[in-house]
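S.K.: Keeping the supplied structure of chain A fixed, place chain B upon it in accordance with the hints.
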Amino acid sequence: MRVRILVSFKDSVLDPQGQTVKNALHTMGYEAVKDVRQGKVFELDLEGVTRKEAEALVPEVARRVLANPIIEKFDWEILKVR
Amino acid sequence: MKFGVVQFPGSNCDFDTFHVLRDVIKRPTVMLWHKDHDLQGVDCVVLPGGFSYGDYLRSGAIARFSPLMQEVKAFARRGGRVLGICNGFQILLELGLLPGAMLRNKNLKFLCQHVHVRIENDRTDFTRAGRKGQVLRIPIAHFDGNYYAPPRVLKEIERRKQVVFRYCDAGGELTDAANVNGSLASIAGIRNEAGNVLGLMPHPERASERILGSEDGRTVFDSIILSLERAKPARRPAASRKARHD
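Respectively, the protein sequence lines represent chains A and B.
First residue of the first sequence: 1, per our numbering; consecutive thereafter.
First residue of the second sequence: 1001, per our numbering; consecutive thereafter.
There could be a bad hint or two in this list.
What the hints assert, rightly or not - Here are the computed lysine-lysine pairs in the DSBU-like style, where the Cα-Cα straight-line distance is at most 35 angstroms:
{"#": "1", "chain 1": "A", "residue 1": "Lys-73", "chain 2": "B", "residue 2": "Lys-1161"}
{"#": "2", "chain 1": "B", "residue 1": "Lys-1155", "chain 2": "A", "residue 2": "Lys-10"}
{"#": "3", "chain 1": "A", "residue 1": "Lys-52", "chain 2": "B", "residue 2": "Lys-1109"}
{"#": "4", "chain 1": "B", "residue 1": "Lys-1106", "chain 2": "B", "residue 2": "Lys-1132"}
{"#": "5", "chain 1": "A", "residue 1": "Lys-10", "chain 2": "B", "residue 2": "Lys-1026"}
{"#": "6", "chain 1": "B", "residue 1": "Lys-1073", "chain 2": "A", "residue 2": "Lys-10"}
{"#": "7", "chain 1": "A", "residue 1": "Lys-40", "chain 2": "B", "residue 2": "Lys-1002"}
{"#": "8", "chain 1": "A", "residue 1": "Lys-22", "chain 2": "B", "residue 2": "Lys-1106"}
{"#": "9", "chain 1": "A", "residue 1": "Lys-40", "chain 2": "B", "residue 2": "Lys-1132"}
{"#": "10", "chain 1": "A", "residue 1": "Lys-73", "chain 2": "B", "residue 2": "Lys-1073"}
{"#": "11", "chain 1": "B", "residue 1": "Lys-1161", "chain 2": "B", "residue 2": "Lys-1026"}
The set of hints was computed from the structure by calculation and includes no laboratory data.
Model, not experiment: these values are computed from the prediction.
So here's chain B without its partners, still in its complex pose:
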């Protein structure tokens, strides 16, 4: 299978994501330019983190008008896998591929830190390599990650089990303190109704190598591969799963 990483002016996690997909996960990966119309036959489009168009107007609000995003929208409607990380999540919300919107973090601060997220639904194309209730330690880095949806929409999201990740403490408990940005219902990641589009605020590409302190982010990429290749990715040695939490 082949990944494509979309580059916008202001993307800054594009090469980190490219590196993880090509060198760590070891799958063919191409860069996709926002002005192009060609998805180059990729099986999964990844919208990386950063500050597309300087976050002007609202985070993700301008990127959604890019020529390539019209292709991504059609690709998603056909069932193509789309993963939006951080700014990528914000773009998917603005594009209308995912429900809800982002508000400024509750403490009005840019948050750059490791957080814990709990897998709420392991029957998705983005979490099937993990298990329900599993706690992943992945960094966040954002100003606008305070997830919001109107009450009626939130009810639907919950009913359809679209919440994939929630902020939690190290033990997997949902607490106000662990919900660092103030997201509604501690939501850190959601998928669309059809299940082929995921947006999440934490950066799995920054937690995919042991040298960076956590490999938990690989669960997301391994899951996509599982869902597309119907084959289990190589298991990491059990020893490496220890000693990664500080």
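Isolated chain A (complex conformation):
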């Protein structure tokens, strides 16, 4: 099974890199871009794991390692079941 985990800053935390990208887009004339948040993507290949087990395992891994829960949040999805 392949899963994708998206880690990004919590809304309450300032993201200076996202702000810089937003400013660059404005400079280029993309005024419609109101905000940019930058994050990280992880793709994990899991073996011998059921969907139910993945639903427990992935958030645990994200909380313990991939994201720092003090400043970051995460979303995840299953890309491929087999």
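M.R.: This is chain B only, laid out in the frame that chain A set:
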């Protein structure tokens, strides 16, 4: 008393720190390897600056899983003195021994410069050789030193007087310009609730010899010695305290 300096792959202030502790502060000092489990009977563990594990994932995020760090965690829980400098501070945050987290510097630049920090609390094992309000001139060198804690946590940190150092100007005033990395409440260094663990972004080991332009960093090491040996370290001659600020 005996110091131990932990080496991770990517540490680069390990030998500077070792040199200051052994040759300047003149205390027995050993190197501790991150893969070992033995703290070799040290009284104070120092986590030096650098880029442990290449700063992969987040600064300090991988180093916290080292076998030795499990020993350091237990050592700290028993009341052992732990000092984290720069990357060492980041590791202590990731390990959960200190509250909060580090964000990228507000200007998105790696900052390598002398800064001034003010001693906020002189009743700690890491500042008792100094005095409250004293301004120290110590260099910083980091990309991720923008201290952050959620509002509720910050309130607790302040209430418990855990803020040990704040960035300030040469006169000791807290200004936006002096807060070079954008840290919340100008925080440059904090201790844990019990008071035996300190993390700070400035590098006291780079400001412990006159030839390097400042001896202010010695205050941190002298304080640890004071707290562990209950004896005053030799005073520096008063003359050397002048002419160190450029």
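S.K.: The structure should be examined with respect to each hint, and the outcome stated for every one.
M.R.: Here is how each hint holds up against the structure:
{"no.": "1", "hint": "Lys-73(A) - Lys-1161(B)", "in the structure": "holds (29 angstroms)"}
{"no.": "2", "hint": "Lys-1155(B) - Lys-10(A)", "in the structure": "holds (19 angstroms)"}
{"no.": "3", "hint": "Lys-52(A) - Lys-1109(B)", "in the structure": "violated (43 angstroms)"}
{"no.": "4", "hint": "Lys-1106(B) - Lys-1132(B)", "in the structure": "holds (28 angstroms)"}
{"no.": "5", "hint": "Lys-10(A) - Lys-1026(B)", "in the structure": "violated (46 angstroms)"}
{"no.": "6", "hint": "Lys-1073(B) - Lys-10(A)", "in the structure": "holds (28 angstroms)"}
{"no.": "7", "hint": "Lys-40(A) - Lys-1002(B)", "in the structure": "violated (42 angstroms)"}
{"no.": "8", "hint": "Lys-22(A) - Lys-1106(B)", "in the structure": "holds (15 angstroms)"}
{"no.": "9", "hint": "Lys-40(A) - Lys-1132(B)", "in the structure": "violated (42 angstroms)"}
{"no.": "10", "hint": "Lys-73(A) - Lys-1073(B)", "in the structure": "holds (26 angstroms)"}
{"no.": "11", "hint": "Lys-1161(B) - Lys-1026(B)", "in the structure": "holds (31 angstroms)"}
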